[in-house]
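4 protein chains.
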Amino acid sequence: MMSEQHSATLLMSCPDQKGLVAAIANFLMTYNANILHADQHQDAGENLFLMRVEWDLDGFTLPMESFAAAFQPIADEHRMDWNVSLSSRKPRMAIFVSKYEHCLVDLLHRWRIGELGCDIPLVISNHEDCRRLVEFNGIPFHVVPVTRDNKAEAEAEQFRLLEEAGIDFVVLARYMQVLSADFVRRYPNRVINIHHSFLPAFDGAKPYHRAHARGVKLIGATSHYVTQDLDEGPIIEQEVARISHRDAVDALIEKGRDLEKVVLSRAVRWHVDNRVLSYCNKTVVFD
Amino acid sequence: MMSEQHSATLLMSCPDQKGLVAAIANFLMTYNANILHADQHQDAGENLFLMRVEWDLDGFTLPMESFAAAFQPIADEHRMDWNVSLSSRKPRMAIFVSKYEHCLVDLLHRWRIGELGCDIPLVISNHEDCRRLVEFNGIPFHVVPVTRDNKAEAEAEQFRLLEEAGIDFVVLARYMQVLSADFVRRYPNRVINIHHSFLPAFDGAKPYHRAHARGVKLIGATSHYVTQDLDEGPIIEQEVARISHRDAVDALIEKGRDLEKVVLSRAVRWHVDNRVLSYCNKTVVFD
Amino acid sequence: MMSEQHSATLLMSCPDQKGLVAAIANFLMTYNANILHADQHQDAGENLFLMRVEWDLDGFTLPMESFAAAFQPIADEHRMDWNVSLSSRKPRMAIFVSKYEHCLVDLLHRWRIGELGCDIPLVISNHEDCRRLVEFNGIPFHVVPVTRDNKAEAEAEQFRLLEEAGIDFVVLARYMQVLSADFVRRYPNRVINIHHSFLPAFDGAKPYHRAHARGVKLIGATSHYVTQDLDEGPIIEQEVARISHRDAVDALIEKGRDLEKVVLSRAVRWHVDNRVLSYCNKTVVFD
Amino acid sequence: MMSEQHSATLLMSCPDQKGLVAAIANFLMTYNANILHADQHQDAGENLFLMRVEWDLDGFTLPMESFAAAFQPIADEHRMDWNVSLSSRKPRMAIFVSKYEHCLVDLLHRWRIGELGCDIPLVISNHEDCRRLVEFNGIPFHVVPVTRDNKAEAEAEQFRLLEEAGIDFVVLARYMQVLSADFVRRYPNRVINIHHSFLPAFDGAKPYHRAHARGVKLIGATSHYVTQDLDEGPIIEQEVARISHRDAVDALIEKGRDLEKVVLSRAVRWHVDNRVLSYCNKTVVFD
Numbered sequence: 001m002m003s004e005q006h007s008a009t010l011l012m013s014c015p016d017q018k019g020l021v022a023a024i025a026n027f028l029m030t031y032n033a034n035i036l037h038a039d040q041h042q043d044a045g046e047n048l049f050l051m052r053v054e055w056d057l058d059g060f061t062l063p064m065e066s067f068a069a070a071f072q073p074i075a076d077e078h079r080m081d082w083n084v085s086l087s088s089r090k091p092r093m094a095i096f097v098s099k100y101e102h103c104l105v106d107l108l109h110r111w112r113i114g115e116l117g118c119d120i121p122l123v124i125s126n127h128e129d130c131r132r133l134v135e136f137n138g139i140p141f142h143v144v145p146v147t148r149d150n151k152a153e154a155e156a157e158q159f160r161l162l163e164e165a166g167i168d169f170v171v172l173a174r175y176m177q178v179l180s181a182d183f184v185r186r187y188p189n190r191v192i193n194i195h196h197s198f199l200p201a202f203d204g205a206k207p208y209h210r211a212h213a214r215g216v217k218l219i220g221a222t223s224h225y226v227t228q229d230l231d232e233g234p235i236i237e238q239e240v241a242r243i244s245h246r247d248a249v250d251a252l253i254e255k256g257r258d259l260e261k262v263v264l265s266r267a268v269r270w271h272v273d274n275r276v277l278s279y280c281n282k283t284v285v286f287d
Numbered sequence: 001m002m003s004e005q006h007s008a009t010l011l012m013s014c015p016d017q018k019g020l021v022a023a024i025a026n027f028l029m030t031y032n033a034n035i036l037h038a039d040q041h042q043d044a045g046e047n048l049f050l051m052r053v054e055w056d057l058d059g060f061t062l063p064m065e066s067f068a069a070a071f072q073p074i075a076d077e078h079r080m081d082w083n084v085s086l087s088s089r090k091p092r093m094a095i096f097v098s099k100y101e102h103c104l105v106d107l108l109h110r111w112r113i114g115e116l117g118c119d120i121p122l123v124i125s126n127h128e129d130c131r132r133l134v135e136f137n138g139i140p141f142h143v144v145p146v147t148r149d150n151k152a153e154a155e156a157e158q159f160r161l162l163e164e165a166g167i168d169f170v171v172l173a174r175y176m177q178v179l180s181a182d183f184v185r186r187y188p189n190r191v192i193n194i195h196h197s198f199l200p201a202f203d204g205a206k207p208y209h210r211a212h213a214r215g216v217k218l219i220g221a222t223s224h225y226v227t228q229d230l231d232e233g234p235i236i237e238q239e240v241a242r243i244s245h246r247d248a249v250d251a252l253i254e255k256g257r258d259l260e261k262v263v264l265s266r267a268v269r270w271h272v273d274n275r276v277l278s279y280c281n282k283t284v285v286f287d
Numbered sequence: 001m002m003s004e005q006h007s008a009t010l011l012m013s014c015p016d017q018k019g020l021v022a023a024i025a026n027f028l029m030t031y032n033a034n035i036l037h038a039d040q041h042q043d044a045g046e047n048l049f050l051m052r053v054e055w056d057l058d059g060f061t062l063p064m065e066s067f068a069a070a071f072q073p074i075a076d077e078h079r080m081d082w083n084v085s086l087s088s089r090k091p092r093m094a095i096f097v098s099k100y101e102h103c104l105v106d107l108l109h110r111w112r113i114g115e116l117g118c119d120i121p122l123v124i125s126n127h128e129d130c131r132r133l134v135e136f137n138g139i140p141f142h143v144v145p146v147t148r149d150n151k152a153e154a155e156a157e158q159f160r161l162l163e164e165a166g167i168d169f170v171v172l173a174r175y176m177q178v179l180s181a182d183f184v185r186r187y188p189n190r191v192i193n194i195h196h197s198f199l200p201a202f203d204g205a206k207p208y209h210r211a212h213a214r215g216v217k218l219i220g221a222t223s224h225y226v227t228q229d230l231d232e233g234p235i236i237e238q239e240v241a242r243i244s245h246r247d248a249v250d251a252l253i254e255k256g257r258d259l260e261k262v263v264l265s266r267a268v269r270w271h272v273d274n275r276v277l278s279y280c281n282k283t284v285v286f287d
Numbered sequence: 001m002m003s004e005q006h007s008a009t010l011l012m013s014c015p016d017q018k019g020l021v022a023a024i025a026n027f028l029m030t031y032n033a034n035i036l037h038a039d040q041h042q043d044a045g046e047n048l049f050l051m052r053v054e055w056d057l058d059g060f061t062l063p064m065e066s067f068a069a070a071f072q073p074i075a076d077e078h079r080m081d082w083n084v085s086l087s088s089r090k091p092r093m094a095i096f097v098s099k100y101e102h103c104l105v106d107l108l109h110r111w112r113i114g115e116l117g118c119d120i121p122l123v124i125s126n127h128e129d130c131r132r133l134v135e136f137n138g139i140p141f142h143v144v145p146v147t148r149d150n151k152a153e154a155e156a157e158q159f160r161l162l163e164e165a166g167i168d169f170v171v172l173a174r175y176m177q178v179l180s181a182d183f184v185r186r187y188p189n190r191v192i193n194i195h196h197s198f199l200p201a202f203d204g205a206k207p208y209h210r211a212h213a214r215g216v217k218l219i220g221a222t223s224h225y226v227t228q229d230l231d232e233g234p235i236i237e238q239e240v241a242r243i244s245h246r247d248a249v250d251a252l253i254e255k256g257r258d259l260e261k262v263v264l265s266r267a268v269r270w271h272v273d274n275r276v277l278s279y280c281n282k283t284v285v286f287d
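Chains as they are written, first to last, in full-length UniProt numbering: chain V, 1 to 287; chain B, 1 to 287; chain E, 1 to 287; chain R, 1 to 287.
Bear in mind the hints are in silico, worked out from the structure with no lab data behind them.
This one's a predicted model, so the numbers in the text were calculated from it and none came from an experiment.
We put the CB at the ideal spot given by N, CA and C, even for glycine.
Honestly, I wouldn't trust all of these hints.
[Said to hold, decoys possible] Here's a subset of chain R near chain V, in silico, CB distances under 10 angstroms, partners left out:
#1 A44
#2 P200
#3 H212
The task is simple: from the sequences and hints, build the whole structure.
As structure tokens, then:
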């Protein structure tokens, strides 16, 4: 649920040590914060502490423009990676799509009824097919054709559109092109993909066909941050559905669509709500 | 997982207000606590704050025998209900069973391989059937027959056995007798029952027969704390399984057994690990 | 998956007796049928035999206009209730909706991409809200306002629209009005509703609020044929989702939307594919 | 459910063609069979027809010792692979186990209460650990130590024990040794293994450790027939459970135990009930 009230959310990670919860709680208390949610995680193997804390800005006596200056000494002392986001500033999401529209329809509907607390300044596609649907939702639709030969130019054009629109993160809603390492590097942990299998099973092409050939009894879908290694980025969410010998490949594709929609939309939601921290090629999804 | 290390766990609830996390974190920091896990919950509707915090006793400078005296001023200031438990002191569980042995078998096996961090000083039954199984596990087995006429005497005998064995909580592993209000009052939030339906559907007798008659497509099981109102206590855990028109009542009973085992054992596990707080006839199960 | 080929589907039920499978298989063989799917069910308690058989019309030597005359003697001999449907004749579905659009969006999208093998000649609502969405999909949208006082007239108008459009069955996609017994009687087993709880738990009003108050650990949704008894008709499909103490009522409503969409669309799909037989206030959903 | 009545079950597969259902139904009708269940499957890609049919032997006028002679002409005509089994003749199962006892405990309990309609003439292990448990259940327990150097002798001894006991099929209940190709060849589709991952993900060693390292959000278990290719045999059943970043490897192992028990016991049950047909390295599990 989107908080009605204005709130701030701090995401941080640092080497594990005593007193971290108290240090952050005290800092916030000094300025009269009302903590709405707090969740933390220790990874003993990596000796890492990770935390998410959200507090009400109503009554918070530290102006947010001074937050960084006030907090940095504590962050330095504990060697924290951190960022803070404000509920009043919606993140700006771009959607990339090709021809399959089910994930796009799903995301746009969730956005329209307020499930996703982000702005969608544009949708980019390598095909015309989804224009009518996108424009019905009042969102600008840009076609950037991609061929074998124009990949670099196409990405340059995509990047220009993203920059111009002030995009924070990109969602690949069954976008059937592989992004270059260069593109991915510009958006670290900020490109979310949906892969139509239960990773690491059936990474790469035609996962439903291969699932059918292998005779699995469940199919899956996986949302993950895109890294330079195809289908190997940090997993955000996964889900499966039961199939049987009666289900031909077409039935897997159809049942899979429902998985893809749910798994991608959860990842987008959690990312928008600043619930996801990535480390060691894994994610923590805070409650 | 049972912590290898010695730890203490504080469970508390109080009216919600600013500064609670900081107050507790600071108290623990004063004595050099290493917090292992912390989880909190606010119920806005009830204006209630609930928290579970577990810390390592290695290096903790406050002797646990002095904990209450040291903590009580903070508890008083914030009107906390609280209790603290030590991993070094295993809770003592009694199991009540009748003739169906599947939940008993499951609990005893989990206990034997270390999944349940409790002692089991005795099993009580109104029938002889499970004696061999219980004694195979090295646990004393007591038969207390229950008839229409001897209910009060039977409960007196059960209570005597529980007292003598220093029992902390009771698990009804498909025990087919209803406990008296008097008995239940003696163990508030300390009697766990498994009901073989997805409550509140099909409370009372013969839930699988009624589920079959209604034509539901999923069956369920529910573990809950026993209160004086039959099948209406705070729910700890629920799970469901898919059925079809092919499943006659016998098949529901059989599929239900697997649900009952899993749902009861999770409740016992969470109770043993001090993860469950009950309020307003609901439970919070802390992570 | 819609069969590409033209096929016929027979749904039948009759008192159980020997030789039913052979009788039907032989009848179809006489006319050189290629059976694509066959599934049967015996309800021993009710002494009932139910069967669904689908065969390819390519090479079938009995013209379908003569089917009834040819088959009736066998049906009479075994006292069968039966009907046959042709894949070439798509059933005509009307959707009733109020203001919540999630089920409507979902059904329209599935229909657009070919998941639902039906026609949708019209959508009827008691509010204007969904007009733009429906018309975007090229479907006529009719507003029939319903007040306390005009219920009979409103239903008369709805019925006129349905008759005029040659509607076979009606889907209530979160339509917030109770249909009269008279209306329901006109469409026996041909009005499909989605109820936002795991029936029989929380039938009637505000199920998510009541689920929250009861502290259940799973929420559900149920699709069923509408009968004169509110929320008591034959259940077609149910599904549940896990919730926790963190989920306020708003979160239940939101998670519930995903259940409602899936559970309603499955029921519609199975109904369209002639997979559902209703008896004794239950359903058989054939594979 | 085990049928109380005496029944026979025919499992068959053959090239798909018209009239197969009628041919079998007529054959059975000729001898006055009362068909209890029938289920069939067509694999269009492989042009294969597979069927399972179970009929009541009460009133069946063909003595079962004459079945093969009577049925073979039909089988020849349609080039059927087929076998028939009698409910009065329980299949004989051997269990192989090492030290982990959870699957063994589960199978033995299900067997004791009648869920599994088989005999268990013996349990074989490479360790002494499970002796007491097995003998508590009244089953002979044989230790056949396996070392690097004695593998061939050990298998010879195992094979001798299996032959002597008239074993029909073998269940590897977390047996930590790889069987030789020679051993496997002797029991085609008659050795059932449980692998503790969602195959094909994490085949081979230490799947829980690798699942943890990859950061998956669900773990799984897979039961399959053993072939000469490790973890690549026909999959019978799979199931998954949700995990989170809070679950260390130990927690995965623990949650996995519940999956392994359920997934293995379903496979054993279906095999015992003659529900599983294997083809093209896949299985059909008939309803």
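Now for the hints, and whether the structure bears them out:
For the restraint placing A44(R) at the interface with chain V, the shortest Cβ-Cβ distance is roughly 7 angstroms, inside the 10 angstroms limit, so the hint holds. The beta carbon of P200(R) comes within 5 angstroms of a beta carbon in chain V, closer than 10 angstroms, and the hint placing it at the interface holds. With a least beta-carbon distance of about 9 angstroms to chain V, the hint placing H212(R) at the interface is held under the 10 angstroms criterion.
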